[in-house]
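The chain contents come next:
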Amino acid sequence: MNIVVCVKYVPDATADRKFEDDFTVDRVGVDGLLSELDEYAVEQALQFREKREGEEITVTALTVGPEKAVDAVRKSLQMGADSGVHVLDDAIAGSDYIATSLVLAKAIEKIKADAGVDLVICGMASTDASGSVVPAMLAERLGMPQVTLASVIESQGDQVRIKRDNEGSTEVIGATLPIVLSVTDQSGEARYPSFKGIMAAKKKPLETYSLADLGVDSGEVGLAVAWSQVEDTTERPPRTAGEIVTDEDGSGAGALVDFLASKKFI
Amino acid sequence: MSEVLVVIDHVDGEVKKPTYELLTIAKRIGEPSAVFFGSPEQGDAVAEKVKKYGAAKVYVIDDAQIKGFLVAPKAEALQQLAEKSSPAAILLPSSFENKEVAGRLAIKLGSGLITDAVDVQEGGVTTQSVFAGNYTVQAKVTQGTPIITVKPNSAAPEESEGAGTVEAFAATISDVAKTAQIVATQPRQSTGRPELTEAAIVVSGGRGTGGNFEPVEGFADSIGAAVGASRAAVDSGWMPHAFQVGQTGKTVSPQLYVANGISGAIQHRAGMQTSKTIVAVNKDPEAPIFELVDFGVVGDLHTVLPAATEKVKERKG
Ligand SMILES: Cc1cc2nc3c(=O)[nH]c(=O)nc-3n(C[C@H](O)[C@H](O)[C@H](O)COP(=O)(O)OP(=O)(O)OC[C@H]3O[C@@H](n4cnc5c(N)ncnc54)[C@H](O)[C@@H]3O)c2cc1C
Ligand SMILES: Nc1ncnc2c1ncn2[C@@H]1O[C@H](COP(=O)(O)O)[C@@H](O)[C@H]1O
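As given, the protein sequences belong to chains A and B, one line each in that order. Residue 1 is where the first sequence starts when you use the working numbering, and the numbers rise one by one after that. Residue 1 is where the second sequence starts when you use the working numbering, and the numbers rise one by one after that.
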């Protein structure tokens, strides 16, 4: 069985994230890393492999992104994935969800043609765009059942069942492999790479594909043809410093209520 | 004037507030047509409600073939409706599920997609709040039918009478769309408090509650607020995940957000930074949440909140 995990390289959320002059996300000037939410996807792929003893299961980490994005794949290999694929092509820069999902789907199809794909696992959202749409788009493009936002995952044979929190309810979803699965940060802490894992990762196969390798025309992707265009970005003005009081002998509660009353909340 | 499709947000025919916000926004782009996925018996009652906010047509799509499966059938039905009605735009309330519907629909229609808009202007220019609320982005769909998911509290609902003509729409759902089956559903029990994402006031608790949410809940009830929680409080098992505010929980944008015993991590901010007024109670004067607040109390929430609750009750008499 083969599992593909989609991992995105994103600017560090705790750094000073910003935009380029063409309004694309600055992916070079800010330190990047494997999206934390995709660590959960890698973790679930590894657990899938570990739980199904006796089966031969390989995990391939797949990323679409600039040169540095290979770090996201490397980290996945260090955590325990078996091989990596990096789709790298200048024409991809500035791609929106539609183009990104196209390139990912084509890469998954190539992996499928070479070795088969039974399961695609994504994170619940990328920490930069946070659209939570790519997994659904992949399911649409690949014609696979969409089993998304899983907090608990169980599988037996070719059957997968997950639990997911919906707006007003908790649901159990069932589907037959192959599927596209996305997992939330409720699915279980992701492991840290061990020293052994870090050493082993250096010897694992890591391939780089261009758009041509995937049979994607460079005119189908990138900023120029994006299906939506950013017209402007504005840094939010810093909030004006508020009033801070220190609670002494119960004074805090009174001050708080006075403030709320002055703003007509009471 | 072209139609603008607005997907109705409802529970069992009970129309929710974001629907009216979306209808209000839709009027800036064209003539709103509401789309109801539900039981046909409820169609007329739903139409009565949405016509007050300008719905000219109300498409009723029987969800008997749809509700047992995840997302894909809804996208298929909307595709068929869009092909029939050639709308100027399609608006959906931003929930995880609707974003996925929108994503699949965008691929099907070959249309651009914008998620989590907090405003949509004439001409379809959207505003989004990104990077944990540190930036706003203006964007526009440039290909196909603009598909836009809009967050709750993005507009004040404005009443205006529409025709509200009910039209049944028969969607054909393919077998491929029925491959992810909803095996079981357990509705969440109502707390009797306002809905987190819709509430005008949200009072949240974090690790600083030490697991005792009574002071937070008591204060919330005194001012008619919804209750929220940080991930630390959820991970500790003190509150269900449905109450989590932040990047991987709910995004809230209320008039007033009161954070208690919450440090203000970037992932928490991502879910509340666009709140109009922010207040915090935290015993650490260095807590980053104080950088955001309009008003802050450095103190122990276990004494400040119960006392504040008493004072609110006194004022209200
Ligand atoms: C990928 C990812 C996604 C995440 N998503 C979310 C998310 O959606 N939502 C979210 O909230 N977090 C999220 N987090 C976690 C986030 O980084 C923080 O760990 C979390 O928000 C901390 O919760 P807290 O503020 O309650 O706890 P802490 O950071 O531990 O802060 C507790 C605060 O309580 C104060 N305090 C303690 N006792 C008292 C008292 N008696 N009275 C008053 N104050 C007191 C302390 O001074 C402290 O400031 C995410 C993290 C990651 C990596
Ligand atoms: N460029 C990318 N490379 C690899 N995986 C991606 C990429 N973009 C999105 N994904 C996957 O899709 C998920 C959801 O992303 P998004 O829809 O952008 O929030 C992520 O958690 C990843 O698993």
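Careful, some of the hints might be misleading.
As the list claims (entries may be wrong) - Distance ranges between label pairs, derived from CB positions:
#, chain 1, residue 1, chain 2, residue 2, range
1, B, N212, A, D258, 58 to 66 Å
2, B, E161, A, P238, 39 to 47 Å
3, A, R236, B, G224, 44 to 52 Å
4, B, E167, A, G29, 25 to 33 Å
5, A, I266, B, A170, 50 to 58 Å
6, B, E161, A, E231, 30 to 38 Å
7, B, E161, A, Q159, 29 to 37 Å
8, B, E310, A, S169, 34 to 42 Å
Claimed, not checked - Heads up, simulated EDC-like pairs for lysine to aspartate or glutamate below, C-alpha to C-alpha not over 16 Å straight-line:
#, chain 1, residue 1, chain 2, residue 2
9, B, K276, B, E291
10, B, K311, A, D26
11, B, K316, A, D258
12, A, K68, A, D26
Keep in mind that the hints were calculated from the coordinates and are not lab data. Glycine residues also receive a C-beta, built at the ideal position from the N, C-alpha and C atoms.
Which earlier hints can't be squared with this structure?
1, 3, 4, 7, 10
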